[in-house]
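*Asks:* All chains, please: the whole structure from these sequences, using the hints.
Here is what each chain is made of, one letter per residue.
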Amino acid sequence: GESVGLHLPTLSVQEGDNSIINCAYSNSASDYFIWYKQESGKGPQFIIDIRSNMDKRQGQRVTVLLNKTVKHLSLQIAATQPGDSAVYFCAENQGANNLFFGTGTRLTVIP
Amino acid sequence: EADIYQTPRYLVIGTGKKITLECSQTMGHDKMYWYQQDPGMELHLIHYSYGVNSTEKGDLSSESTVSRIRTEHFPLTLESARPSHTSQYLCASSRGGAGEGKTQYFGPGTRLLVL
Chain A
2 GESVGLHLPT LSVQEGDNSI INCAYSNSAS DYFIWYKQES GKGPQFIIDI RSNMDKRQGQ
62 RVTVLLNKTV KHLSLQIAAT QPGDSAVYFC AENQGANNLF FGTGTRLTVI P
Chain B
87 EADIYQTPRY LVIGTGKKIT LECSQTMGHD KMYWYQQDPG MELHLIHYSY GVNSTEKGDL
147 SSESTVSRIR TEHFPLTLES ARPSHTSQYL CASSRGGAGE GKTQYFGPGT RLLVL
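Protein sequences, first through last, are from chains A and B. So the mapping is simple: our numbering equals the position in the first sequence, first residue as 1, plus 1. So the mapping is simple: our numbering equals the position in the second sequence, first residue as 1, plus 86.
Source of the hints: derived by calculation from the structure; they are not laboratory data. A couple of the hints might just be wrong.
As a list, the in silico DSS-like pairs of lysine-lysine whose alpha-carbon atoms are at most 30 angstroms apart [as the list claims (entries may be wrong)]: (1) 117(B) x 43(A); (2) 69(A) x 117(B); (3) 143(B) x 117(B); (4) 103(B) x 57(A); (5) 72(A) x 57(A); (6) 117(B) x 57(A); (7) 117(B) x 72(A); (8) 57(A) x 43(A); (9) 103(B) x 69(A); (10) 43(A) x 143(B); (11) 117(B) x 103(B); (12) 117(B) x 104(B); (13) 143(B) x 103(B); (14) 69(A) x 57(A); (15) 72(A) x 143(B); (16) 104(B) x 143(B).
Partial list, computed: chain A residues near chain B (C-beta under 10 angstroms) [said to hold, decoys possible]: (17) 35; (18) 42; (19) 47; (20) 50; (21) 52; (22) 61; (23) 88; (24) 92; (25) 101.
Note that beta-carbon positions come from the ideal geometry of N, C-alpha and C, so glycine has one too.
*Replies:* If you want it as structure tokens, here you go:
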């Protein structure tokens, strides 16, 4: 079956360092991927997306990398700030199906 | 900022009560969803809708029901609340279609506590 899983449930980084959050997916037919950020007491918020015909996409301080060979997705956050502390979810989509969400990684930024 | 709203934000209620969680979006999105989420844990899809008069059960079995009489409104009802229903309920919507149309936009959530 399909699955979206995260390698680490928690990640702690020093303020100013770069953060890398990883996600593994098992369905090679997945064609669209999204990263969400969820702060405490709020709903998930869209950060960045990437289609399967791309291997990299950049936003403001964030970069998503897609490696289809090993079915791996990562989110890189540059110069991590305290406001980046949250739970990060990856989600994958295959065709007409709904999104499948991963378990989530809790990022803690140490001042 | 997504234009999707949920009320109430917090609800404490006794066992056996009937409750309705409201969700509205002003983006004209066809697809809407309800998720159940324990704090800091994964999202479980409990209901979704492709459009007006369409409702489907999600991956997680739920005792709740939903309706979709208007495009912008997707309420969730629990006929008889139980302590096991204590959780956070998140509503989301998406435009539909391929690619970016799959992106779901979430409301702030309703945190439910059943005593």
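*Asks:* All the hints need checking, so say for each whether the structure fits it.
*Replies:* Tested hints:
no.: 1; hint: 117(B) x 43(A); in the structure: holds, 21 angstroms
no.: 2; hint: 69(A) x 117(B); in the structure: holds, 28 angstroms
no.: 3; hint: 143(B) x 117(B); in the structure: holds, 13 angstroms
no.: 4; hint: 103(B) x 57(A); in the structure: violated, 50 angstroms
no.: 5; hint: 72(A) x 57(A); in the structure: holds, 14 angstroms
no.: 6; hint: 117(B) x 57(A); in the structure: holds, 28 angstroms
no.: 7; hint: 117(B) x 72(A); in the structure: holds, 28 angstroms
no.: 8; hint: 57(A) x 43(A); in the structure: holds, 28 angstroms
no.: 9; hint: 103(B) x 69(A); in the structure: violated, 49 angstroms
no.: 10; hint: 43(A) x 143(B); in the structure: holds, 24 angstroms
no.: 11; hint: 117(B) x 103(B); in the structure: holds, 29 angstroms
no.: 12; hint: 117(B) x 104(B); in the structure: holds, 26 angstroms
no.: 13; hint: 143(B) x 103(B); in the structure: holds, 22 angstroms
no.: 14; hint: 69(A) x 57(A); in the structure: holds, 11 angstroms
no.: 15; hint: 72(A) x 143(B); in the structure: holds, 29 angstroms
no.: 16; hint: 104(B) x 143(B); in the structure: holds, 20 angstroms
no.: 17; hint: 35; in the structure: holds, 6 angstroms
no.: 18; hint: 42; in the structure: holds, 8 angstroms
no.: 19; hint: 47; in the structure: holds, 6 angstroms
no.: 20; hint: 50; in the structure: holds, 6 angstroms
no.: 21; hint: 52; in the structure: holds, 6 angstroms
no.: 22; hint: 61; in the structure: violated, 15 angstroms
no.: 23; hint: 88; in the structure: holds, 6 angstroms
no.: 24; hint: 92; in the structure: holds, 8 angstroms
no.: 25; hint: 101; in the structure: holds, 9 angstroms
Consistency with the previously given hints fails for numbers 4, 9, 22, ordered from lowest to highest.
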